[in-house]
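Trainee: Residue numbers (the numbering used here), protein chains in the order written: chain B, 3 to 120; chain F, 3 to 120.
No lab work stands behind these hints: they were computed from the structure. Where hints are given, some of them may not hold.
[To be verified] Derived DSSO-like pairs (lysine-lysine); straight-line CA-CA distance at most 27 Å:
#1 Lys-47/F / Lys-119/B
#2 Lys-85/B / Lys-51/B
#3 Lys-85/B / Lys-85/F
#4 Lys-85/F / Lys-37/F
#5 Lys-56/F / Lys-47/B
#6 Lys-119/B / Lys-56/F
Keep in mind it's a predicted model, so treat the numbers as computed, not measured.
Single-letter residue listing:
Protein chains: 2
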Amino acid sequence: MPTLPTDPAPFYQAHVFVCTNRRMDGHPRGCCASKGSEKLRDYMKARAKELGIKGIRVNSAGCLDRCEFGPAVVIYPEGVWYKVNTREEVDEILHRHLIEGGRVENLMLQPTDLPPKK
Amino acid sequence: MPTLPTDPAPFYQAHVFVCTNRRMDGHPRGCCASKGSEKLRDYMKARAKELGIKGIRVNSAGCLDRCEFGPAVVIYPEGVWYKVNTREEVDEILHRHLIEGGRVENLMLQPTDLPPKK
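Put together the whole structure using the sequences plus the hints.
Mentor: Pasting the structure below:
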């Protein structure tokens with residue numbers, strides 16, 4: 003939805019949500035937790051703090067419904083989605099996106115990365 | 003962080019995060035789960051579906067760090083925060099904010115609603 007001129011200033015400059023949903027083993031869609039998203043979230047929180055990035059919050063989230071393309075991460079307010087598999091990729095996103103305001107294009111999810119039709 | 007002209011279109015028109023963090027009983031900051039946020043999240047998901055609101059996703063989130071003012075809910079990309087205590091308040095937000103694009107001003111958190119200094 004669009005912002006309104008009367009909305010308060012953003013509470014966080016960057017609000018990062020890491021999907022940590024866990025499904026039963028063998029579920030056809032898989033899940034982000036089985037791909038290690040909890041440890042990646044912990045690492046991202048710790049590294050953001052070490053790097054002294056201001057105005058950022060890294061949170062767990064329930065199922066973001068892009069399981070096939072996870073571990074799924076979304077950064078708001080800009081609404082940019084990433085697939086993040088390794089600590090090195092977390093570092094890339096912290097530096098390139100969250101410090102420099104750029105994008106890590108090769109890790110971005112695209113609008114065509116859709117869940118299966120219901 | 004600002005959006006860039008090359009960013010993909012928003013994946014969700016409205017992405018709602020409901021804090022469902024639970025702390026030990028007696029914690030001085032309290033927590034959203036002890037104020038019933040899990041049931042409110044369930045209700046919001048079900049009602050959004052019943053109302054047929056398109057492009058919305060309602061997710062649980064870990065601690066959003068506005069515990070004192072919760073149950074805390076934030077709606078992105080606009081980054082508007084609400085305190086939501088009852089099903090009636092969920093209905094108000096669904097209708098006024100998520101269907102009509104307005105705000106439920108009396109439930110909005112303000113920039114002065116800050117966590118205690120560390």
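Trainee: Now look at each hint and say whether the structure bears it out.
Mentor: Outcome of the hint check:
1. Lys-47/F / Lys-119/B: Between Lys-47/F and Lys-119/B the Cα gap is close to 19 Å, so the pair holds against 27 Å.
2. Lys-85/B / Lys-51/B: 21 Å, holds
3. Lys-85/B / Lys-85/F: At roughly 31 Å apart (the allowed maximum being 27 Å), Lys-85/F and Lys-85/B break the hint.
4. Lys-85/F / Lys-37/F: 11 Å, holds
5. Lys-56/F / Lys-47/B: 32 Å, violated
6. Lys-119/B / Lys-56/F: Holds: Lys-119/B and Lys-56/F sit about 15 Å apart, inside 27 Å.
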